[in-house]
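A.B. asks: Keeping the supplied structure of chain A fixed, place chain B upon it in accordance with the hints.
Line by line, the protein sequences give chains A and B.
When we follow the UniProt record's numbering, the leftmost residue of the first sequence carries the number 1, and every step to the right adds one.
When we follow the UniProt record's numbering, the leftmost residue of the second sequence carries the number 1, and every step to the right adds one.
Simulated from the structure, these hints should not be mistaken for laboratory data.
Just to be clear, a hint being listed does not mean it is correct.
What the hints assert, rightly or not - Estimated spans, in silico, between C-beta atoms of each pair:
| id | chain 1 | residue 1 | chain 2 | residue 2 | range |
| --- | --- | --- | --- | --- | --- |
| 1 | B | Q31 | A | E253 | 33 to 43 Å |
| 2 | A | I54 | B | D137 | 18 to 28 Å |
| 3 | A | N172 | B | S29 | 10 to 20 Å |
| 4 | B | N152 | A | D231 | 49 to 59 Å |
| 5 | A | T252 | B | E41 | 27 to 37 Å |
| 6 | A | L398 | B | K35 | 34 to 44 Å |
| 7 | A | N172 | B | G183 | 46 to 56 Å |
| 8 | B | L181 | A | L398 | 49 to 59 Å |
| 9 | B | R249 | A | K206 | 51 to 61 Å |
| 10 | B | E41 | A | K384 | 24 to 34 Å |
| 11 | A | N243 | B | R11 | 37 to 47 Å |
| 12 | A | K384 | B | E150 | 17 to 27 Å |
As the list claims (entries may be wrong) - Heads up, simulated DSS-like pairs for lysine-lysine below, C-alpha to C-alpha not over 25 Å straight-line:
| id | chain 1 | residue 1 | chain 2 | residue 2 |
| --- | --- | --- | --- | --- |
| 13 | B | K164 | A | K119 |
| 14 | A | K383 | B | K35 |
| 15 | B | K164 | A | K6 |
| 16 | B | K164 | A | K383 |
All residues carry an ideal CB built from backbone N, CA and C; glycine is no exception.
Protein chains: 2
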Amino acid sequence: MFNDFKATEDRPVFIQVKDYLKRLIIKGSLQPEQKLPSTRELSLLLSVSRNTVISAYSELENDGFVYAVQGKGSYVAAASAPPVAAAPSCEIDWPSRINGYARQAVELDRMKRGIRAEKNVISFTSIAPDEKLFDLDNVKRAFLDRMAIEGNVLLNYGYAKGYKPLIDYLLNYMEHKGVDLSGKDMLITSGFTEAFDIVLSALRRKEGGSVVCENPTHYTAIKNLKLNGFDITGIPMEHDGINLTELERALTERAYDCAYLIPSYHNPTGIVTSPVKRAAIMHLMARHGIPVIEDGFNEELRYSGSHVSPLIATAGQGNGVIYLGSFSKVLFPGLRVGWVLADRRLIDCLESIKRSRSIHTSTLDQSVLYQYLRNGNLEKYLKKARSEYKRKYEWTKLCCETHLPYKKLSGDGGLHLFVEFEERFDTTALLNACAGQGVIFTPGDMFYTDGGGRHTMRLGFSRVKFEDIERGLEIIGLTARQLIG
Amino acid sequence: MFNDFKATEDRPVFIQVKDYLKRLIIKGSLQPEQKLPSTRELSLLLSVSRNTVISAYSELENDGFVYAVQGKGSYVAAASAPPVAAAPSCEIDWPSRINGYARQAVELDRMKRGIRAEKNVISFTSIAPDEKLFDLDNVKRAFLDRMAIEGNVLLNYGYAKGYKPLIDYLLNYMEHKGVDLSGKDMLITSGFTEAFDIVLSALRRKEGGSVVCENPTHYTAIKNLKLNGFDITGIPMEHDGINLTELERALTERAYDCAYLIPSYHNPTGIVTSPVKRAAIMHLMARHGIPVIEDGFNEELRYSGSHVSPLIATAGQGNGVIYLGSFSKVLFPGLRVGWVLADRRLIDCLESIKRSRSIHTSTLDQSVLYQYLRNGNLEKYLKKARSEYKRKYEWTKLCCETHLPYKKLSGDGGLHLFVEFEERFDTTALLNACAGQGVIFTPGDMFYTDGGGRHTMRLGFSRVKFEDIERGLEIIGLTARQLIG
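In isolation and in its complexed conformation, chain A is listed as follows (with noise of 0.2 Å):
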């Protein structure tokens, strides 16, 4: 005994010691009431100083495993039951216990199945930011800053609502993007996802709910929506956002629960709504009394042209709008915080379903975001960001213009581009092709709610460097032109 302990470099070795030995007792190779090694012994035996081995035995003996008699030494603990002797092995099937919506969950789960990007492959699949650009001092000033102030208050229950200051900067945030605050409150979440996905669990119904939504959108709002019981009509997206004519249409013919829009950098087709056409979709709205959830995505990323205004500001004093808003793919999506914007009722029961589902959100999380927003980081974080991606934006638009077989690109700014090629293609296809010569991309067939899309794709380029840009769209180029023959 005591010849199979090594010790690592990764913990202190008075803990690597206490829990070899609590697994030799658990295990029952040191049974109750053996006598353990003299420390002096076990410091010997195991190559450890002498104070290690004291400083094991105490922390056993706290934990219960093993008592000191004064003057003789240490001894084993009369152990619980034994695991190993105890219950009948219990054999589940857990694939036959869980339920559908556990079942479509894992359906619609296309992160574990896509293409992962291999070592020097050129990935336009992310929409994420590009960590190269994150201010990582001002983040740290932003932690030490706020621990100071209050780190007890930090690491103890916060409220299901959120970080009051957090809120009310929000709050302030929100105002000045010309929203009217009268009657409206506000709920921070764990990002834009868990926003949503409280947001359809309060609206959806038993026998199924209906939602009316661009088409192509965003997966992941697709697959939170199918989750929900939803059943979507998408409306065709133009150069300018919706297809107003057929948006209308569908609304007289059929009462919805709601509405889904992504009216700035519209994920994937990268399109800003035009403001005539906001005002038009709230006009319709109204009429037909739809509440409309805005998918506020990265509308900071503006690189150039005027102001455009959410929604949920053409909307009013009207509370018709539920805003969700997220600073992750404009700024750290580790952090995991977004917020929503709403009718101070519906707020009220959000935050009931919020504290069920997760107490609340972090407050490490919420507070750091606080303190780096208050110190005036955003401003210039944003100024660094959008000139870097404007570069980037404006190349990826001038490669696909270059090698690029392409029928239609859209995409105004943002974190990507989206290509349609001619009805026949097939980008499934030609993903399959390209990957084999160590590029990859997202069909954009994914993105659509009709089964459509398969001749479009979605580029994702803020993460891949300038000369990855050019000679990635290259070869997608070259194989397109092969594929069409």
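C.D. replies: Relative to chain A, chain B alone:
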């Protein structure tokens, strides 16, 4: 114009000037194509430095609200459709739109209706850890260590399954509790509550599921079981855990979808289920093929006595136990990190649900916790916390014995005690009478699955000062005797 600007201390002044002008533009006080004052003029008008105005103008230009003409000055950009003139106001009657789930979430949300602890009130309602024990310096150290190693990674997207180093650490940690890891895997969640809700969402049934649990039990568990449509059968508690005869009878009468058990420091009774009973429970569950959701709720807080294996260790190689762990009550509740340890196939499916609900748990929380554990802080912290809580536990117990006319007192440690009075006694009436005297606690009926427990109460002592524990229990005792009459 420009006479109502007031700079405050809390944000950089140039951002305040920018926001001030943005408001004027959005509200239409500054019209499109209108020339702005020169930077020199505005700096005089607003009593700020000229550099501040230059920065503000530059930000406004970046945001598309203003454009500069070489040698001429800055002008307001052509705005998008102004919000005020836009859509007719849409009024949604939200209370009639939300579904039964949302209404039930509000109804079961005790936090919204509980008596709030005013200042100077002695409150026994909390079972959160005492924030005075928090070792902030070690948390800061952990954050800075981790940021130095992989700051960029921490701020970008992580994995739904969790932060790999933390998973590895916790798997090892669980193995040292005697768990056989073969065929098992782990999912990191935003605390216990999310873990529990995700597990239930995978096991619930459209036609309503069924669960067997201890009676009384954790209120959040009752709430989430109800919200997930489970029919709850509570089995009475005895001094050493659940009543086995009653449990066996229930399992024979009906095929339950799962069991939910809190074997250590049971909430609210504080009872630690004995090793013998643990083995017997697992025998019963294996015989009936019932999966067990084990709530590992603060089992780390054992003050004394030999170690007790969790049910998942008692189950050996069996895959019937879903273990939910968390350090929230032990370390810092603000770090929203919990974990599910269970059959690999089940975890794979829960991972997809987790991804659909919140993408992943805050990487900052996970990595700070990981580094804190790795730095060996848990052991040191537990030593301090246990000794402090043990003193408080002994003291509270003594004060109960001295002052309360109770029938039964339970609690083997942890952060709370549970008191039962004579059957006819009503602790809600007692609370109302005590609240007026500045003392509050949690009436026990909310923890009962069958409407019982009106004669019980839970006393959380972790955050109450020693002198307040005595004074509070004196008042509760006197008032109780008056009510008994």
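A.B. asks: All hints are to be evaluated individually against the structure, with a verdict given for each.
C.D. replies: Each hint, compared with the structure:
{"no.": "1", "hint": "B:Q31 with A:E253: 33 to 43 Å", "verdict": "42 Å, holds"}
{"no.": "2", "hint": "A:I54 with B:D137: 18 to 28 Å", "verdict": "25 Å, holds"}
{"no.": "3", "hint": "A:N172 with B:S29: 10 to 20 Å", "verdict": "18 Å, holds"}
{"no.": "4", "hint": "B:N152 with A:D231: 49 to 59 Å", "verdict": "41 Å, violated"}
{"no.": "5", "hint": "A:T252 with B:E41: 27 to 37 Å", "verdict": "54 Å, violated"}
{"no.": "6", "hint": "A:L398 with B:K35: 34 to 44 Å", "verdict": "36 Å, holds"}
{"no.": "7", "hint": "A:N172 with B:G183: 46 to 56 Å", "verdict": "52 Å, holds"}
{"no.": "8", "hint": "B:L181 with A:L398: 49 to 59 Å", "verdict": "53 Å, holds"}
{"no.": "9", "hint": "B:R249 with A:K206: 51 to 61 Å", "verdict": "34 Å, violated"}
{"no.": "10", "hint": "B:E41 with A:K384: 24 to 34 Å", "verdict": "30 Å, holds"}
{"no.": "11", "hint": "A:N243 with B:R11: 37 to 47 Å", "verdict": "42 Å, holds"}
{"no.": "12", "hint": "A:K384 with B:E150: 17 to 27 Å", "verdict": "21 Å, holds"}
{"no.": "13", "hint": "B:K164 with A:K119", "verdict": "19 Å, holds"}
{"no.": "14", "hint": "A:K383 with B:K35", "verdict": "24 Å, holds"}
{"no.": "15", "hint": "B:K164 with A:K6", "verdict": "23 Å, holds"}
{"no.": "16", "hint": "B:K164 with A:K383", "verdict": "34 Å, violated"}
The structure shown violates the earlier hints numbered 4, 5, 9, 16.
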